[in-house]
Amino acid sequence: MERLALASARVPWRLKIAVVWVGIFAVLAYFFWIAAFDVEWIQDNLGYIAGGLIYTLQIAVGGIMLAVVLALLGALARISSNPVAYGVAGFYVSFFRGTPLIVQMFLIYLALPQVRTNLLDKYPGFPEYLANSLVLDAAIAGTIALGLNYGAYMTEIFRAGIQSVAAGQGEAAEALGMRYLQKMRKVVLPQAMRVIIPPTGNEFIAMMKDTALVSFLGVTAASAEIFRRSQLVGKADFKNLEAYIAVALLYWGLTILFTFFQARLERRMSSGYIRIPVADVGHSHGGGG
Amino acid sequence: MSGDEVIVRVEGLHKRFGRLSVLSGVDLDLHKGEVVVIFGRSGSGKSTLLRCINFLEDPTEGTVEVAGVQLGGGHRTRRKREQIRRIRLHVGMVFQQFNLFPQMTAVENVMCGPMCLKDADQKSVRKRALDLMERVGLGDKADEHPIRLSGGQQQRVAIARALAMQPEVMLFDEPTSALDPELTGEVLAVMKSLATDLHMPMMVVTHEMGFAREVADRMAFFHEGVILEEGPPAQIFGNTQRAETRTFLDAVL
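If you read the protein sequences in the order shown, they are chains A and B. Note that the first sequence covers residues 1 to 289 in my numbering. Note that the second sequence covers residues 1 to 253 in my numbering.
Quick caveat, the hints were computed from the structure, so don't treat them as lab data. For each residue, glycine too, the CB sits at the ideal point set by N, CA and C. It is possible that part of the hints are untrue.
What the hints assert, rightly or not - Here are the computed lysine-lysine pairs in the BS3-like style, where the Cα-Cα straight-line distance is at most 27 Å:
#1 K183(A) / K32(B)
#2 K239(A) / K209(A)
#3 K123(B) / K80(B)
#4 K183(A) / K118(B)
#5 K183(A) / K123(B)
#6 K127(B) / K183(A)
As the list claims (entries may be wrong) - So, partial list: chain B residues that the calculated Cβ filter (under 8 Å) puts toward chain A:
#7 N54
#8 L56
#9 R85
#10 R88
#11 M93
#12 F95
#13 Q97
#14 N99
#15 F101
#16 C112
#17 G113
#18 C116
#19 P233
Kindly generate the complete structure, drawing on both the sequences and the hints.
Next comes the structure, spelled out in structure tokens:
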């Protein structure tokens with residue numbers, strides 16, 4: 001027993017972990033072999049499913065951009081002394097954190113068109129093109145719902161990030177005669193970003209996976225994101241195992257990829273906070289433009 | 001342009017934080033080219049006075065007048081905020097903790113204020129900033145980030161940053177208190193050169209009595225929110241009027 005422990009201690013940790021992973025894949029391979037896993041079907045259909053990546057990413061990127069804008073506005077409102085801004089932001093955060101994302105998607109996709117109809121009935125003079133903007137494409141409705149929902153959660157992230165900047169920084173900016181927006185843009189927010197970016201990256205990765213919910217809004221087959229596509233082909237050929245494994249691997253791959261980029265971004269942002277010179281970080285931020 | 005032209009006038013200034021009264025009626029003028037050293041025990045209201053002058057704190061009562069703009073405390077309307085900003089543009093402030101912006105290099109810190117002004121020209125602002133870095137003896141450190149500078153160097157950059165706005169008066173809030181003893185000299189030397197070479201009006205909150213004796217035109221002793229004794233250094237040191245001042249001086253000298 002002791003000899004085994006000693007022998008084990010000589011094997012590098014990473015190698016042991018690699019062996020465990022190989023073991024897991026072996027078990028899964030056996031399971032798939034029993035389930036008559038059809039690799040050829042995946043080869044034939046992966047291209048179609050992966051063709052939805054563009055839509056998945058569009059929804060995720062659009063959603064996170066909307067969320068960042070809303071979170072920034074929400075956070076500034078939450079720390080402002082303006083009662084209207086504070087109140088509106090409080091309602092926004094409370095409602096969108098307090099209700100399920102899928103309900104919000106249906107509210108925006110299916111409930112707003114009803115508002116349009118009733119609006120036009122009640123006020124016949126209401127410009128129709130304006131009212132029509134309440135009828136949204138499923139992908140757009142999904143993107144907006146994701147942005148609103150994540151923006152509510154990220155409001156707290158942004159608020160904490162802004163409040164983490166030392167009070168003396170804002171005072172120094174004010175003492176230089178900077179206006180509120182200049183102080184925020186040049187001094188406070190760049191420092192808050194160090195605190196904000198890591199959790200925002202996590203939110204983006206989480207949102208990428210939540211784009212699958214948009215499939216419930218029934219997108220047309222041509223512009224469907226990857227989960228919808230896997231559902232369509234999996235059901236048609238009765239290859240659900242293959243289809244969902246394929247789409248799961250795609251999500252997993254995206255997550256790994258963006259986690260990698262996120263780590264790199266965090267390293268870059270630490271310039272100005274570490275004493276050792278960082279050769280590849282040049283002084284990229286101009287002294288104000 | 002007489003020598004007794006008033007740059008800063010503080011009248012009847014009170015500051016209360018809740019039930020705690022920090023300033024209880026302060027009157028103080030700063031004249032053109034004059035250096036006033038404010039001293040006294042911690043908690044006596046020295047820093048609060050400086051922070052009220054550029055409205056980092058809102059005066060509870062009384063007024064502050066800088067470069068012809070007279071303001072009191074109270075609700076900050078849009079117009080009031082603009083007046084406060086106008087005062088701040090005339091007042092340079094140096095903090096105990098330097099408060100340099102860590103994401104910018106030293107010269108970017110110095111450029112930062114002027115670049116926020118309308119019609120700022122990056123090239124000329126940068127040239128002036130480099131001149132100021134030279135003036136505080138840090139011409140070779142312009143492109144370093146603050147974290148790679150010593151405390152004394154950071155404080156000199158902070159002085160250059162305040163000077164970049166071409167202020168009419170400089171406020172120093174315990175500029176050497178956060179520094180290791182061997183680094184205070186370089187900061188005090190820069191401050192002294194501002195007084196003697198540029199005749200910059202300055203209000204300096206400090207415990208550096210050597211600096212006060214050498215550079216100050218006038219000294220004001222703060223005690224429990226009021227100025228208890230005021231006069232030129234020779235009088236303060238040589239002919240102290242109040243027992244409290246004597247006690248304080250005996251403790252720090």
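Here is what the structure says about each hint:
no., hint, in the structure
1, K183(A) / K32(B), "30 Å, violated"
2, K239(A) / K209(A), "22 Å, holds"
3, K123(B) / K80(B), "33 Å, violated"
4, K183(A) / K118(B), "15 Å, holds"
5, K183(A) / K123(B), "22 Å, holds"
6, K127(B) / K183(A), "23 Å, holds"
7, N54, "6 Å, holds"
8, L56, "5 Å, holds"
9, R85, "5 Å, holds"
10, R88, "4 Å, holds"
11, M93, "4 Å, holds"
12, F95, "6 Å, holds"
13, Q97, "5 Å, holds"
14, N99, "4 Å, holds"
15, F101, "6 Å, holds"
16, C112, "6 Å, holds"
17, G113, "4 Å, holds"
18, C116, "5 Å, holds"
19, P233, "28 Å, violated"
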